[in-house]
Amino acid sequence: MVTPMMTSIRNKVREQQRLTREEGLWLLRNAELLDTAALANEVRYRWNPERRVTFVIDTNPNYSNVCTIDCIFCAFYRHPGDAGEYTHSVDHMIAKFQEAADRGVTTVLLQGGVNPRLPFSYYLELVERTVKEVPRVQPHFFSTSEILVMTEVSGLSLAQVLQRLWDAGMRTIPGGGAEILSDRVKKKISSKKGTSADWLRVMREAHGIGFKTTATMMYGHLETDEDVIEHLDVVRNLQEEYHGFTAFVPWSFKPGNTPLEKIIPHYATPTRYLQMIALARVFLDNMPHIQASWFSEGKKVGQIALHFGADDFGGTLQEENVHAAANFVNTTNTEECIRLIHESGFAAAQRTTLYDILTVHEIPAEAA
Amino acid sequence: MNAMLRDTTLLPIWEKIQRGERLTLEDGLTLYRTGDVIGLGKMAHEVQKARSGDAVYFVLNQKIEHTNVCVLSCKFCDFAAKKGDARAYEMTSAEILARISPDIKEVHITGGMPPDWPWERYLDIVETIHRHLPDADVKAFTAVEIDFFHRKFRLSVEEILRQLKAAGVRTMPGGGAEIFSERVRKELFPQKIGAREWLAVHKAAHRLGIPTNSTMLYGHIETLEERLVHMITLREAQDETGGFLTFIPLAFQPGETGIKPRHRFTSAVDDLRTIAVSRLMLDNIPHIKAYWVMLTEEVAAVALNFGADDMDGTVGGEKIAHDAGALSPHALKKEQIVRIIRDAGKIPVERDVYYNPLILHADHVVGKIPYLNSIPFYAHLVVPDAKILPVVPRRMGMLSAKGMMDAGLFSLMDYLAQEDRLEPLGFGLASRDQIKSVMLFSKEGWQGLEGKRIGIMDDTATSVQLLRILLENRYHVHAVLDRLHGGVNDLRDFDAVLLIGDEALTRNKCGLPGFDLVYDLACEWYTWQKLPFVFAVWAVQRHLDAERKAALRNAIESALEAGESDFVSIAGAHGRRIGLTDTETHEYLAGFNFRLGEREWDSVHAFRALQGPELARVRELNAASAKPETRNP
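If you're matching them up, the sequences are chains A and B in order. Offset between the first sequence (1-based) and the working numbering: plus 49. Offset between the second sequence (1-based) and the working numbering: plus 17.
Because the hints were derived from the structure by calculation, they are not lab data. One or more hints might be untrue.
[What the hints assert, rightly or not] Capping the alpha-carbon separation at 27 Å, the derived lysine-lysine pairs in DSS-like fashion look like this: (1) Lys-66(B) to Lys-100(B); (2) Lys-566(B) to Lys-419(B); (3) Lys-311(A) to Lys-351(B); (4) Lys-99(B) to Lys-209(B); (5) Lys-145(A) to Lys-236(A); (6) Lys-419(B) to Lys-311(A).
Fair warning: this is a prediction, and the values are worked out from it, not measured in the lab.
So here's chain B without its partners, still in its complex pose (with noise of 0.2 Å):
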């Protein structure tokens, strides 16, 4: 990589990205200043293969613009009508409902702000939508639109939002960020909210549980400081609540809309050069939206190797961009959504409003399970001619049950529920101790925990099912297992959870307030059956031909060899990401063991021998996720 680099002022910050630390103001203006255009985005495209490997997401998605009768009067904007103009316009629920073509897995709601609509009207569009079209998901209301409805309907901002999951929306839109600066924001829009109130909206969103995006227009009057610091901003805010999936940089789209210092588009390379400076700047939010409606369904599809993991979707009714003049075709079909992602050497994957991938559009592609304990296997792992997706162990199981998965490491409940078609490797996950990546954080002994409830991710299905072996068969207690929703800024309810991977591992280290005991669930079952426990198994599916099994069995021998020479320089950034340092990482790595023996296998036995129903429900799940008609939780 340091070869590929011609601007030598680059090096330090690619070192500094390799050792996990955050860019600096600074940082991010060489980024943006450097000649060396192909630097910056292969950084940015190593940075974005770490986190999403070769997969791209796109949804099927639909906007809805349900008025464009608007109070405010923002300069940049082509779309807003005032009331009793001949081109305003306001629709129903029913006509909104009829818009929706059936296969959409993602509605996207923002509209203009009337003067005049009652609070239940917005909350009878989404619920409408949500009982009309199961399979479709709710993405509703910019910050601006909530910020509003707060002041307008006199409730407060939790209150609206409170209102409005329940009502069913899912996730919230980036859109009115604009940029951080209140020079720009005096300048060009005057009437709308500032930085602080949008940042607010969306904190409160996250902390209910509500994931949302963030966005920002660029390419009209502003600097590239300003844009840096708007980035700055917004990893302040996803350090404190982590609740933003995405970022979208939208170019600025120049027509009738008043602005006068430019009036161009953004050049091709400035749309690049701002792809590839957000995925670096931003080392805490998952994706970097390529929104081919604003930027161009050339550019965006060039983007998908300079940081961009997310091509956004195919758009049906986009309206706003369009009346400023943008360029592109006013839908892009899903074939050519596919054809540009395969051309871009990367796996389409159709998500579903959350990014989880619901249908893969490529052959051979091999799971990656993102935590710490897999990155000695997949470090230095390349399987010639396959894709590579990094995916929960709950998703892969689901994907592999579909047939959309060659191989991977799969989670031993899913492995186990699917033996009779998937082949073992001989690799796999087991502890030879205390393993500290699958915690039980309760407020009560064992014997305590009777009758109570004990919160639970769905990432994965073997450590709820170690938890209810040991509960139920060593303990002989009986507790609630209830899904965590909120994730862990809500645990009012819950007298125990259980935590896995980096989540388990952080909290394991600074602790989960209220939350004091604190059980080691692989030591609990080592203690109780004197055998290591097996968290994973790396299967191949068992109908692919000899040669690609022994291409991949060697494929993950070597990058095994080579990743377990040195635990520190492949996996240091990405424990001191989650609060490790470097000694505690090889510790907590060297605590596996990475091949499977007799005894690993006996301890897989012993664990199948105390399956209950739960092995059934996971192969019901499965069976119900292949279903394409099915909705996936």
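Same shape as in the complex, but just chain A (with noise of 0.2 Å):
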């Protein structure tokens, strides 16, 4: 039964006009599944066209699980001398990165912790013997919360942070941290993590300056359907000023481990994670790429999901310690990454960071 707004949206998404918030949350609250996944397959191979699924080789390692803006979501972090804290030296990252590097890796996510002990040139140095100690790997560092501490350790503006970490040789940073850009919800899950308004503020400053950028989502906790399309509309937004995002991340929270468990004791289903997909694909329609985490939803899902709007299977994350602090485990390696792409019919693409390629795997005859 296809209702007049179905086909009122769909006209729109044909003749490449913007959804309003109104026609988001219709879709998001009662258009059938595989609608929107329809729609967002006219956007994916619009922005995408070719049927081919990019990753990146990447790491994700800590430098340090000291944190304190305890987020109720998170079971990674320890308080400053809490028993199993640890800060590591540059001369030891520096080491994994190596190791890293010789294992393929091409892009390094580096978060802590929120150590405020750490000084301004701890994170400087980091960048800088990255780039010229280990140039086989991009350094994909700091979230914005990160930034920001930065800004009150070193006295410096954010223009001025963000200036010398481009200086420094950076030039992308991870979109984490976002959570739910609605500040009903952030006051309730990470209410020292800072507003919406601040991790907007970084993300503009830092694409005005040039740096890209992700933008994830992290759903299925405390917060509304309109918070969602509050969180995508602020989101495309800011698009709209720099163009900085190259992709879009969702992910659902998990609870295990997490003072947040007792209110939510399970992960979002599948379908929800679907919606999301699909729906991010159909009104961020200025996102050039939607990013599936086979790591945060499990591979089959991830691999689904490659068919509601996702073109991106993210990364082989060779070292990850935060979901695996709440308990969810997945691993996989760059060959098996590429078979998981490759079984759900999509040619697998190794990229960069920016999304620039590397090498192309077509599917193999025997599997086609």
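Join the two chains, each given in its own frame, into one complex according to the hints.
Following this line, the structure appears as structure tokens:
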């Protein structure tokens, strides 16, 4: 049964008109899953016409687990002085990156902890030495919260901090920490992590300098449907200013070992995830890529998401500690990553952080 | 819909489906190979909705594996052990009984094939469960086991099945079909029965009134062609006997199972394609099951939008798949299944062993009569903020009595039995003169039926009551009305049969051998009372708010206006499936009045005035079914 609303939304998508928030909300609440998926594929193949899915060989280490902002959805952090806290030296990290580069890693996604005891020079040294000593990897470092703590410890302005990181050789910033860009929700789940405005301010400033970043969304906790639409709308609006986002990456909240587990015992169902992927692809008409996370939702759901508007399979994640702390562990390697993409019916293309294609692995004849 | 398909090679196939035409093996290959997985899923989902509405079925079930001792050594099985192995076990009836929790509705029994058990031991397991747990129905023994009993105990397959049925077996699982290919059988399980024997057992069960499941094991060394041949073979068997309830694609579980060529889990996309293709190919099997134990909970959840309307159940005690390293948690809790089904946009329907709905875990459900005569109401019906459940009239009455149904097209008897809580909406199904959908097929004329047995179905109470009134009040004849247990396959003990809905239409056209006299009961009523007969009344629960009632009335009105304008385009495919030409479908539907006016209500009052104790009996039945601990027949 095709409703008039669906017909009108479909026509707008075909004519490349922007959907309103009300239309986005209608899709999220009323549309059949596969109807949204069909729309998503219209947009997906407009942005990325080839039947191919990209991936990056990356690693996701942490230089410190010390953190002072107490997000109730996190099972990774330790307070300063807690048992099990650690902060690695720059030498230690560089050695890690060397090892990773030897294994074929091209992107290092590095994050803390938000550790106020570290001086700004620590971060700059990490960037400079990576660029100089491990030129095979691209530094994709630091969440917005860490960048904000750098302004505190250095006394520099946000623009100055970002400019120094740029001068040190950083060109991209990961988009984590956005959670849900609704202050109503943010106050409940991460009151000390800053407001939506903080995340957006750092991103806007970074994009202005020339950084490329991703945008993320963590759903499946205390947010409403309206909050999801709010989040997508804010991201879409910021993208209009500098087109600094490369990709949008939604994932579901993982309750294991977190204070929020008492309220939200399950993680959201795959149906919800696929709705998010497809809705994001339709709504974010100015976003080049939508990333499916085999890592956060499981390999099978990751594979399915490639038919719901996602054109990127994320990274191989040689090392990952945050989800692991919530008892949610998925491991893969390059070979498996390529196979999972092939099995879904797509050529697999290895990319850089900036989505430049390095190698294309066509589907082998026997698997087709 | 056409606009949703990116792959234009899917279009002619979709058009065939809409015309009610059967898909060929080549169509199946096109479906399997399309890059437009969403378009394929969408087609399957449309077919799923036409059959099952928004329902997704599950059952509180438990698996019993009475022993793992097995005389076979199949390459893909990690479960079997030899007698004397350290991990070999054999359970007694008492041990089995102790393992079954009291809320279980379906006990699924399969196991190894031990060399030394006597036949009575199997019967005793079934009888013990049946006797001690009246709320649990037994689904027992795969065709492989039945064939083993047949050879070991030197009893015919029919005799084995008859004794099992008498002991309490209600349905049979579909395992052991593997894949209907001699090439694969010789390679992977040469000791197991082949397609011919598997099908013979299932057809025999169907003829004895034991419905069964069907399965296909895929993702090992089989080709796509072999999968499609398997589906087509099942489809042909179903044409013959009609006894398959569901089809279950079983994703092969790698592990230490000794099959070398494929040692990985199937891909999620292959799983979804298989669900969707099977829904489209198997046009005569009611349900497609997303068996989460093998698919994983995640893929099963997505499959509910790709053609699957059955999520199996809570599966306490599953062993076979887990021994080969399946990914799923050992037993999904009921709450979790309900959450997954709801999130998929569906109604979680807790069912019994025959797929009768027992409990609906949803608010705002509108009942849909699955017969041809109701299509003008439902083809275009969109009720805002409500979900649609196809259900036979009698069950709709029971669910309404339990407060689980907002509204629906109620059988007249069910409406009358609940007049205090149901408010009529002005629509219904009334005859103009002849109607051909409540038919008595008889060996005798009316007067000759004195003291004879008439077979009836329990789908609806109204037609039975109409028959009773005609017999007693018009013809003054007393006959014995008795339920048809084996369907129309077994009519030996009857002198007449009352058929309704699609079954009546089909039989009216092709005849029922031996029952040469055919009476149209609506026509009988008309010539007697000079009033149209009212079969069904659209009604809504009185306690709902006015806004919801108005929305419903408007939705029905606009759906009916659209539906009435072209009967053939909305119902032609359904008619062809039950053997009617488009002209016959049109004439049949044109014979109904879908709006209830003064004469129709006069007829309802006349019918009510003729009620004996029957109305009270329907009320009692509903009250009984409303008690959660009561077993549903």
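Now for the hints, and whether the structure bears them out:
Annotation: proposed proximity of Lys-66(B) to Lys-100(B) is violated, straight-line Cα distance about 48 Å (limit 27 Å). Annotation: proposed proximity of Lys-566(B) to Lys-419(B) holds, straight-line Cα distance about 19 Å (limit 27 Å). With a C-alpha separation of about 20 Å, the suggested pairing of Lys-311(A) with Lys-351(B) holds against the 27 Å cut-off. At roughly 17 Å between alpha-carbon atoms, Lys-99(B) and Lys-209(B) fall within 27 Å of each other, so this suggested pair holds.
For the hint pairing Lys-145(A) with Lys-236(A), the CA-to-CA distance comes to about 36 Å; that exceeds 27 Å, so the pair is violated. A distance of roughly 34 Å separates the Cα atoms of Lys-419(B) and Lys-311(A); the hinted pair therefore is violated under the 27 Å criterion.
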